[in-house]
Amino acid sequence: MRSIIDLQRQLVPDLLETVRLRYSILHQVLIADMIGRRSLAASLGMTERVLRAETDFLKEQGFLEINASGMRVSQSGRRLLEEMEPVLSGLLGLSNLEEQLRGRFGLSKVVIVPGDSDTSSSTKQELGRAGATVLQQHLREGDVVAVTGGSTLAQVAVHLTSPVAHPSNLFVPARGGLGESLEYQASTIVSAMAKRTGAQYRMLHVPDQLSEEAYTSLMHEPGVKEIVGVIRSARIVIHGIGDAMLMARRRRVDAEVVEALKAEGALAEAWGYYFDRSGAVVHKMPTAGIRLEEIMTTEVVIGVAGGRSKAEAIAAVLRFGHQDVLVTDEAAALEIVALTE
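Going by the numbering used here, the first residue of the sequence shown is number 132, and it counts up by one from there.
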């Protein structure tokens with residue numbers, strides 16, 4: 132496959148750009164479900180005249196359906212997108228990048244989507260779709276899945292689907308999270324994931340941050356103790372990765388704690404723990420839910436995070452050494468490779 136792709140690049144220099152353009156058009160229409168030509172042109176940064184020629188071609192090939200309401204991807208177009216993904220990764224050089232990260236951090240799998248989710252909402256949506264696909268690939272009947280909050284995991288929930296119901300699966304929040312925006316709370320996300328897959332879900336109605344006294348008291352409550360036990364038994368954990376200072380501000384962490392985090396060199400936050408550049412834990416927020424002890428023994432740990440601005444944070448969590456799968460974007464991946472050379 133590699134030699135064929137290299138030959139194609141030499142024989143047809145503009146092949147990559149044509150393939151990438153048509154893939155981008157189909158992919159953007161798929162994300163939107165139904166979209167008009169003007170809106171599509173604006174989202175892709177193209178003129179309507181150039182876009183019309185491409186969409187007419189894709190319609191003739193049976194990959195797009197176009198009517199007065201707009202355009203949508205046909206079933207054959209959906210199949211084409213699925214089949215194109217590994218080929219496109221080769222054409223864009225992403226498979227090499229995936230292998231670099233996989234080997235460098237001892238991961239079982241790395242999935243990289245094109246673009247930079249810092250600057251492109253469609254890249255962030257694609258990050259969510261890729262995360263959903265990876266989660267579906269690992270799900271077994273009877274699994275407990277612990278999920279963290281955040282905008283990226285909310286996108287994973289949007290794209291998670293199943294043709295059949297899975298009533299034996301259980302989605303649970305990885306920890307408390309009442310301090311976050313409602314749409315990005317872990318409890319909201321697990322509810323959406325369960326509904327989209329016909330699974331069950333449980334809630335953990337406790338704040339994201341607790342004092343030591345409140346934590347000790349809550350953990351003696353039978354209801355809280357029981358659900359926390361379920362969370363800590365999860366076979367799969369799927370989580371986001373945040374910039375340490377940004378997450379501390381978002382969670383209204385006390386000023387003195389923020390200063391301590393800066394002094395300790397905190398770069399990343401995941402599961403309520405803060406990590407420095409080397410992957411060492413420098414601070415832990417008292418919170419009900421999953422702990423590092425569980426992360427270190429969980430069978431499948433899936434991180435979903437992207438954007439060039441998060442590269443240092445992602446690298447810090449990867450250096451912690453207990454990640455199995457990473458789903459990220461091209462911009463973050465390139466920066467991580469540069470940072471770790």
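Derived from the structure by calculation, the hints contain no laboratory data.
Keep in mind the model is a prediction, meaning the values are calculated, not measured.
Among these hints, one or two may not hold up.
Pairwise CB distance ranges (calculated) [stated by the list, open to error]: (1) Thr250 to Thr178: 17 to 27 Å; (2) Ala184 to Val412: 21 to 31 Å; (3) Gly167 to Lys240: 32 to 42 Å; (4) Lys240 to Arg209: 35 to 45 Å; (5) Ala394 to Lys326: 37 to 47 Å; (6) Gln267 to Leu146: 43 to 53 Å; (7) Glu424 to Thr178: 51 to 61 Å; (8) Pro353 to Leu147: 34 to 44 Å; (9) Ala184 to Glu214: 37 to 47 Å.
With a cut-off of at most 30 Å between alpha-carbon atoms, the simulated DSSO-like pairs for lysine-lysine come out as follows [stated by the list, open to error]: (10) Lys415 to Lys240; (11) Lys415 to Lys393; (12) Lys240 to Lys356; (13) Lys393 to Lys356; (14) Lys356 to Lys326.
The beta-carbon is built from N, C-alpha and C at its ideal position, and this holds for glycine as well.
Here is how each hint holds up against the structure:
Between Thr250 and Thr178 the CB atoms are about 21 Å apart, so this pair conforms to the stated range of 17 to 27 Å. For Ala184 paired with Val412, a C-beta distance near 55 Å fails the hint of 21 to 31 Å. The given range of 32 to 42 Å is respected by Gly167 and Lys240, whose C-beta atoms sit roughly 37 Å from each other. The supplied range of 35 to 45 Å is broken by Lys240 and Arg209, whose beta-carbon atoms lie about 23 Å from each other.
The given range of 37 to 47 Å is respected by Ala394 and Lys326, whose C-beta atoms sit roughly 44 Å from each other. At roughly 31 Å, the beta carbons of Gln267 and Leu146 sit outside the given window of 43 to 53 Å. Here the CB-CB span from Glu424 to Thr178 is close to 56 Å, well matched to the stated 51 to 61 Å. Between Pro353 and Leu147 the C-beta distance comes to about 60 Å, which lies outside the given range of 34 to 44 Å.
At roughly 24 Å, the beta-carbon separation of Ala184 and Glu214 lies outside the given 37 to 47 Å, and the hint is violated. Distance restraint check for Lys415 and Lys240: the Cα-Cα separation of roughly 28 Å lies within the 30 Å cut-off, and the hinted pair is therefore satisfied. Taking the CA atoms of Lys415 and Lys393, the gap is near 14 Å; set against the 30 Å cutoff, the hint holds. Under the criterion of a C-alpha separation no larger than 30 Å, the hint pairing Lys240 with Lys356 is inconsistent with the structure, at around 34 Å.
Proposed proximity of Lys393 and Lys356 is contradicted: the alpha carbons are some 33 Å apart, above 30 Å. Distance restraint check for Lys356 and Lys326: the Cα-Cα separation of roughly 25 Å lies within the 30 Å cut-off, and the hinted pair is therefore satisfied.
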